[in-house]
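Visitor: Chains as they are written, first to last, in full-length UniProt numbering: chain A, 1 to 334; chain B, 1 to 401; chain C, 1 to 356.
Calculated from the structure, these hints are not laboratory results.
Owing to the predicted nature of the structure, the values given are computational and were not obtained by experimental measurement.
Beta carbons are placed, not taken as given, at the ideal position from N, Cα and C, and that holds for glycine.
Wrong hints could be hidden among the right ones.
Calculated cross-link-like contacts (lysine to aspartate or glutamate; reagent style EDC-like; alpha-carbon spacing at most 20 Å) [what the hints assert, rightly or not]:
| no. | chain 1 | residue 1 | chain 2 | residue 2 |
| --- | --- | --- | --- | --- |
| 1 | B | K341 | B | E352 |
| 2 | C | K297 | B | E98 |
| 3 | A | K329 | C | D215 |
| 4 | A | K231 | A | E217 |
| 5 | A | K207 | A | D218 |
Reference listing, derived: stretches of chain B covered by chain C, where coverage requires no fewer than 3 residues with Cβ under 8 Å from a Cβ of chain C [said to hold, decoys possible]:
| no. | segment |
| --- | --- |
| 6 | 74-83 |
| 7 | 178-188 |
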Amino acid sequence: MGQLLQFTINGLMAGAIYALIAVGIVSVFKATRVVNFAHGYLIMFGAYFYFTFAVLVPQAAWAPDWLASWQPGWMMDMREGLPMFSPLAAVLDWLANVPRILLGLAGALLCNAALGLVIERTLMRPLMGQSVFAMIMLTVGLISILSGSAQLIWTSDAEFVPSLAPNTPIRFALFGQTIFLFGADLANMVIALLIFAGIVLMVRYTKSGIAIRATAEDQSTAYSMGISVPKVFSRAWVLASTTGAVAGAILATRNGISPALGLFGFSVLAIVLMGGLDSYLGVFLAAMIVGVLEALTQWQLGGEWAGIVPYVAVLVVILIRPHGLFGAKEIERI
Amino acid sequence: MHLKRRQFLATTAAATAGLAAPVTLRAQAREYVIGASLPLTGPFATAGQMVAPALRMFEALVNEDGGIGGVPIRITAEDSGYIPANALANYQRALATEPDMVMYFGDSTGFMKLVAPELRGANARLMGSTSFASELADPAGNPYQYLPGPSYEDQFDILLQQVKDEGGSTVAFIFSNTEFGRDPIAHGRAKAEELGLQVVLEESTREQGADIPTHVTRLAQSGAEYCILQGYVTGVWPQLIGGARQFGLPTRFMGTFWGMENAIADRVTAEAGPILDGYAGVMPYRYFYDPERGPAYERFAAFQKTAFVGTPLENYLPTWGIQALFSLTIGVEALRRVADKGLELTADNAAEALSDLRDWDTGGFFGVPVSMVNNKIGTGRVYRYSAETQLFGPSSDWFTV
Amino acid sequence: MITGNLKTSYGADEQVLDNRWKRLFLFSAVLGLGGIAGFGNDYIILIACQMGIMVIAVTGVNVVIGYTGLMSLGHAGFVAIGAYATVIFHNAAGGIIPDGVLTLVAIPFAVAVAALAGIVVGLPSLRVKGLYLAVATLSANFIILFLIEESFSAPWTGGMNGINTPTPNLLGWALDTRREQFILIAALAVLALLGAQNLFRTRVGRAFIAIRDRDYSAEILGISLYRTKLTSFAISAAYCGLAGALFAYFYARILPEQFELQLSLMLVAAIIVGGMGRMMGPVFGVIIIVMVPEAIKVSFGALAGGGAELAMIRAPLQEIAFGALIVGFLLFEPFGITQIMDRALRALNRWPFARG
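Sequences and hints are given; from them, build the entire structure.
Guide: Here is the structure:
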């Protein structure tokens with residue numbers, strides 16, 4: 001029972017990150033009717049940008065020392081005599097990193113937003129109104145371009161990046177079983193959920209959110225009502241690439257940076273289709289379900305089985321409900 | 001082509017000498033080619049990018065010594081991205097375009113297994129690699145491939161023995177879901193049973209971007225005293241150990257050759273604190289900074305000082321570079337022995353010379369003379385990392401399995 | 001110059017090669033292939049063999065995507081099934097069926113198994129299309145590879161370690177060199193292309209095209225969507241199974257990772273570049289998709305002279321070039337190279353009159 005709970009919690013934490021990734025795919029789809037197969041690679045770029053601004057820049061010769069490691073006097077005092085791996089030491093380690101974490105996040109958000117805009121303007125807009133096939137394959141082509149470029153820019157693989165929150169271990173007993181949690185993981189989950197909720201609220205209540213929904217409903221009507229559809233497109237892409245940047249930073253701290261981060265995009269794509277392409281609620285549920293199923297599979301059957309969980313889940317769901325758990329059925333007129 | 005008089009005379013003299021020498025029927029090659037695939041991109045790019053300059057150094061040093069039987073060598077390296085099929089394509093392309101290729105250097109367990117059945121007749125070449133996969137040490141089925149040290153299975157045997165000697169009783173295996181990672185697992189399981197150790201966890205992970213918290217949780221719940229990591233190079237294993245330390249797990253970690261690089265350990269220590277203190281593993285060779293290093297290392301060091309100024313290789317050669325250099329040294333040694341006998345440098349002749357290497361002084365790669373038995377060199381040593389000195393130091397004597 | 005369709009019999013109208021230029025093209029192509037088999041050096045043979053295998057697989061993809069209009073990103077899975085079926089059949093029936101006949105049975109067996117798998121994977125196409133189908137087939141690719149890799153199938157497939165493959169043997173003629181294998185591959189590739197060309201002159205082939213153009217209209221015309229879509233998947237998978245069988249014979253060992261998503265994407269990219277729904281599309285597409293990275297490689301080899309510094313940026317550049325090819329053709333020439341060729345041929349035909 002305790003074991004089950006442990007892995008369910010692990011799964012929920014992974015699911016929250018899936019949801020954060022998925023929100024980018026859904027937003028772009030809602031606004032532009034394009035499903036971005038390359039979203040995972042956008043995330044990978046976010047991770048590399050975070051790495052650049054949180055590790056490479058502070059290490060540069062011209063960067064001030066406090067950027068690399070912030071050591072005010074009171075912190076040195078508190079550190080005196082602390083054992084190596086105590087919770088307080090972990091918090092202090094994190095505090096010393098705060099300046100570069102903030103710089104890393106800011107840099108990742110800005111650079112990824114710019115990247116999203118460039119992709120939208122140069123590649124996506126010329127294809128407006130083309131077939132689904134052309135759109136999909138364009139983003140598939142984008143995968144190779146992005147992953148090749150990342151390898152050109154950040155040649156070899158990079159390792160540790162500072163985590164967004166103090167990584168203190170948390171453990172408590174439940175049903176006679178010790179439950180282990182990482183502090184940073186909990187914080188990541190909270191960040192992911194807050195962003196997800198923020199975006200859902202924004203799409204529901206703000207003016208630009210309503211513009212996105214109107215465009216999703218009917219492009220030409222939205223146009224005639226005075227909504228600037230191209231602007232909606234750009235906004236959706238910026239939204240997707242900035243949430244992607246945060247997701248990338250989280251994944252980088254959790255799993256390390258590597259071009260393999262791009263592969264997350266495919267499993268999240270499966271999750272998005274499972275939930276229903278245009279439903280935030282459905283996608284959220286699907287992300288959580290897959291996260292938990294994956295963790296449970298990892299527990300019972302091992303890592304190889306966990307890898308195919310999203311794909312099996314999506315196949316099962318779309319065979320029963322062709323438009324996902326909560327997706328709107330497309331009505332085709334001849 | 002304009003030949004100066006002196007050059008002309010020299011060439012003529014050489015040609016005459018060539019005629020006078022014991023008659024070799026085949027036209028002597030102008031240069032011998034050693035092909036290589038390296039993971040310059042992909043998950044193991046860090047390793048490949050540091051090995052590439054080492055190959056250039058090797059080429060220069062061998063040619064300084066007169067190449068192979070007086071014929072200079074040339075090394076051509078291609079990127080494989082650590083994808084076996086790419087490396088195979090590289091090999092096939094090299095076979096088709098380089099008629100004087102006498103040896104090939106492969107970059108992964110997967111490639112070596114993929115290419116093994118292709119090494120028949122005219123397509124065969126002597127082949128060293130970065131892999132210590134046990135299946136490759138098979139002189140009967142596959143005489144052309146060899147290991148430049150003990151196989152992963154041997155390394156697991158040594159580590160498990162070490163666990164036993166230290167009084168441990170439970171051990172966990174964490175390995176990447178690749179051929180490289182899975183290679184010694186079944187054998188390790190059997191060996192642990194033989195030694196009376198209990199394998200409490202066998203966890204496979206992605207080779208990069210693994211889900212660290214889940215794996216650490218599994219390790220924590222298994223309650224293993226020792227954990228052997230296999231199938232990683234630069235990523236995953238440091239994060240796993242870091243995660244376990246942050247959790248306060250008392251597990252002692254061990255690794256095989258590819259997890260024993262000092263530069264990576266230093267990088268981890270710099271970024272995450274002294275989490276690697278006490279980490280132990282098998283490294284067949286001397287580290288480059290070993291105070292007792294022999295003439296071979298001194299020669300590399302002198303070359304590196306001048307040729308690689310301003311790069312990480314100026315004062316240090318990573319274990320991966322040492323392994324690649326030693327692997328090539330074995331191959332060239334075998335080829336030289338063939339050339340000295342006046343035979344053609346075919347793969348079969350080279351394989352025969354290879355199996356004749358006995359009590360060979362390697363010039364300081366190892367602390368003892370080594371022998372090529374069953375296409376592998378079963379000599380090595382256990383090292384342990386100390387966060388204080390930031391070095392891997394020997395924790396056992398040289399042994400031969 | 002062609003000035004009209006001057007045909008005097010049904011026979012003439014139904015000809016595949018309806019003018020002498022096409023006939024000339026076919027004969028010179030066959031002659032060219034013979035030339036490669038006879039005189040090409042090892043390197044050319046190597047590349048030509050890879051291309052031949054790819055052409056067969058891409059023809060299969062063309063059936064589903066180009067002619068039937070169903071999206072698929074999972075065809076590497078069928079190639080894998082064809083390859084593994086061949087090896088498993090050889091290992092299982094090795095002692096029972098004489099060597100000379102074994103290959104002749106193994107290839108049809110692999111094709112049949114792949115076709116069967118095609119029907120299973122095609123099942124979602126009855127309920128979903130477009131994007132959903134793309135993801136469903138992509139998932140199928142992952143799952144097929146997982147099934148091959150897992151330890152429960154390892155006794156037959158070798159699991160992650162891969163498995164050694166047999167040498168093809170045609171009635172006592174062992175094809176143990178690349179040159180001999182090239183003859184087999186080239187012959188089968190030409191047959192496969194002609195087969196595809198003929199397929200679309202049959203009832204079922206025309207039904208595919210009707211579905212591509214508008215599936216509901218096709219249904220109203222009395223075409224069973226159910227049966228036709230599955231047939232399309234089966235035929236397409238059969239082609240990929242044939243390619244897989246040749247793949248197994250060509251390489252001495254096969255690994256699951258050779259059939260990953262990357263291969264699926266490459267197959268689809270080839271058909272985009274070559275031209276969807278055209279017989280010669282796969283040929284042109286494969287030539288470009290194989291030759292562009294090869295050209296980058298060769299030119300870098302000349303520049304770098306074996307040095308590693310330049311070699312390091314070569315692989316990323318190849319990857320970028322691959323993506324740029326897909327994007328470029330989608331943006332600027334969505335009908336692929338066949339369209340460019342058509343335009344050029346038309347201009348030639350009408351020369352010196354109207355061009356374009």
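Visitor: If a hint holds in the structure, say so; if it doesn't, say that too.
Guide: Evaluated hints:
{"no.": "1", "hint": "B:K341 / B:E352", "in the structure": "holds, 12 Å"}
{"no.": "2", "hint": "C:K297 / B:E98", "in the structure": "holds, 15 Å"}
{"no.": "3", "hint": "A:K329 / C:D215", "in the structure": "holds, 17 Å"}
{"no.": "4", "hint": "A:K231 / A:E217", "in the structure": "holds, 16 Å"}
{"no.": "5", "hint": "A:K207 / A:D218", "in the structure": "holds, 17 Å"}
{"no.": "6", "hint": "74-83", "in the structure": "holds (count 8)"}
{"no.": "7", "hint": "178-188", "in the structure": "holds (count 3)"}
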